[in-house]
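The listed protein sequences derive, respectively, from chains X and A.
Residue numbering for the first sequence follows our numbering, beginning at 831 and increasing consecutively.
Residue numbering for the second sequence follows our numbering, beginning at 9 and increasing consecutively.
Hint data in this document are derived by calculation from the structure and do not stem from the laboratory.
Among the clues, some could well be false.
To be verified - Residues from chain X shown here face chain A by an in silico Cβ test under 8 Å; the list is partial:
(1) Pro839
(2) Thr848
(3) Ala1008
Even for Gly, the Cβ is constructed at its ideal location relative to N, Cα and C.
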Amino acid sequence: MSNDNPAIPRLDGHDKVTGRAQYVDDIHMPGMLHGATIRSTIARGTITGITFDPALDWSGFTIVTAADIPGKNEVLLLTTDQPFLADGRVRHHAEPILLLAHEDREMLRRAAGAITIRYREEPACLDVRQALRPEYLQHGTDNTFHKIDIIKGDVDAGFDEADLILDETYETGAQEQAYIEPQGMIARPSPEGSGIEIFGSLQCPYYVVKAVTHLLGIPVEELRVVQTTTGGGFGGKEEYPSIIAGHAALLALKSGRPVKLVYDRYEDILATTKRHPSITRVKAGATRDGRLTALEIDLVLDGGAYVTLTPVVLSRASLHASGPYEVPNISIRARARLTNTPPHGAFRGFGAPQSIFAVERHIDRMARSLGLSPLEFRRRNYLKLGSVMATGQVVRDDIDMHELATTVYERLGGAAREAELAAANAASSHKRSALGFAAFYHGAGFTGSGEERLASQVAARLDGDGHVEILSSNTEIGQGTITIFSIIAAKALGLDPSEIRVAPPDTARVPDSGPTVASRTAMVVGWLVQQAVLDLAVKLAERCSDALRVVAPESLRGDTFRRAAAQAVESGCRVVGRSKYEKPAFVEWDEVNYRGDAYATYAWAVYGCEVTVDTRTFEVEVTRFVANQDVGGVLHPVLAAGQIQGGVVQALGWALCEEVVYDKGAVRNAALSTYVIPTFVDVPPIEILFATTPYEFGPMGAKGIGELPMDGPAPAVLNAIAVALGAEPERVPCRPEYLMLLADPALADARG
Amino acid sequence: MADITTTFRVNGREVTVTGPPFRRLLDVLREELRLTGSKEGCGEGECGACSAIMNGELINTCIVPVLQAEGAVIMTVEMLADTPAGAAVQRAFLEHGGAQCGICTPGMIVAATWVAQHQFRGEIREMLAGNLCRCTGYDLIVTSVEAALNALAKDGSRE
């Protein structure tokens, strides 16, 4: 790993290790009320009546219904189909219907039990395969939220050329983000007159501004949104916080007091968005010598009850569905449909893990059918510099996937290890071990023209001490935004990262630099941070030059910059450096036909692992895991390692143990004791390797890194399980019960 | 049930609180004593974010009723910097990337400090398995705790 960037301690670390960091639930305001949300107990129907038990004294309660909404009862995001509060009709279990606030949380618990909501139930669609049936129609003409078709070449001709055609279907389940800090918001009437202030756990302050101003019917000047220290997000705090913020704001408006609305774990898992379940049919054709000739993919995402971010998730799923392979003929047909489960939404990887799981499982099966090793079959088909992807995008990265794969294979012990495992398997009555791999890419930043539409802006100014302050709306959610922005700005100006201040995301102060999602913060916004501080230097030189006697901005670095900044502050010469996103000139995207450069650049990776399956219990133990990736320049080796290791373990959870269990559309395991995420002892150390081919438009050559590690572990582990068991698992989570049923016929045969 | 009065020591200070006997110790610490370093992640003793040390035992304060704290000596994350083991663990988490979003960090650091104070030998992963983290994948926490234990062994002081 070539890296000369220093591993400085994370700049928000001290407050976190001492327990001083203030998360939303740690904040107390004078006169503050607690809020509660009364939710539907059915999956679909009409509300026929609401009764408040007269035995309870309701005088101390603030009660909000849809009728109290001053603006529009619509969660404004990509569309407006989702209400803040159900108004007559219910589309999913745990849908918000009523809001309460009271000084005493115990009274809120009592009140929740004293409200009776009656419904006339309607048939609920609980299986996305049945979403097209007319009795379930609730959206558009056929419950389809979004459709995407990507065509390259002619798949029929491609299948005609093939010696082998394999057609299989893969499924993935919902996954809870399970950030350890549950969601929460505080809203209060602005102490300085009109308007509302919102403080909370969130990834995207300006999403909240957009949704809550629409809800309250107020101009943006009257809403201030401030991020509090946020205990993990993983996409789960991308869009849902807007709903909680809206609810808290409605209660604050009606009561005239600050209102804290913090979910406990039960409510959080019950109500908030999860990863989209998927069903993906993959049909692939290859020649006898192992060249892919055609790839036909039919992908369906379960969107849940409302659109949320589903169209964009479907887009990313489609654009990663054909894997890192150059296939002359590709057809990708992707559909997202409604079901009456709580809406699915953003989660690290954003659709890509689902489609990559399918294609990477399928590639392994193709290899076996062709009598090739999985890595050799992949080697014959990898994308490389100049290759043409499914959308017609020409690969601009000089990438050698086989080299990444070879390194992983050797790290895991290579052919010698495979021989050892084969011998050990033959000698053991019940342990079966094998290696497995997955190869993939992840597009960094918003898809297509998304970054152009966002037109993100960053500002940089001098604070009273002559320090550089970065103003952006991008949030620190554990991934290291504050530290990374400081390193980038410091490097650009020849300063120490400790001399940079990153302003807290407060929409009263910071410009809209876009949401903290899509592996865009370091690469896209980090680049803007670099441009903004360089612009600050230029303006210092130009506008404050009388005082500074400096004309060449490029000389404004290090001590020269420090002196200039101090003099500018002293002389009152105020300048603000600014930057705004401009797409790299080579990027061309046709949104209508899904042709062109889907992403400006990609991170590339090959992951490998060794697993052992116990054929008595069907427990799977991942004993080794090697993650090798080219993410461009590594900005901070420790933070980068933390991102990859954390993502891999989250993906191992999705692969092996995390299952959301639904009963009539309601989540039945809404607790961390029943929704099981990996612990210290469930996962091996994650070994990491970085290749660092710099990206020309990334700060210090960096590409996005956050989502990539979510993509590869599930197919790598299931590919290893397939080899170990001699059976082909087709779904995640791949739990022992599923594996036992899958392997049972094989065991029966073996027993004769 | 009638309110009860409970007296115990927290971080070296004697406190007396009055309220329902089955009030969660976590709520008393966070809401009444404003010691918000202990976090609620699950409310059922599963995640360890609310960890504290009571009478030398590592506990989940979300499943300990306040009545059980009568006469107890309790240490929360807020006091750890004042102990050699706690300070060493905090320093190691900073240096080795043991904290990311930080919400599990206080509980993790309390648990790691308890391990360090008791000079336990064994697998760090086993000893900390009562604490969940969703950011790190655990490796950098293990690295941090190893570094703290090594630093303490070098110093020869544990308390």
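Hints, one by one, checked against the model:
{"no.": "1", "hint": "Pro839", "verdict": "holds, 5 Å"}
{"no.": "2", "hint": "Thr848", "verdict": "holds, 6 Å"}
{"no.": "3", "hint": "Ala1008", "verdict": "holds, 5 Å"}
Consistency note: the structure conflicts with none of the earlier hints.
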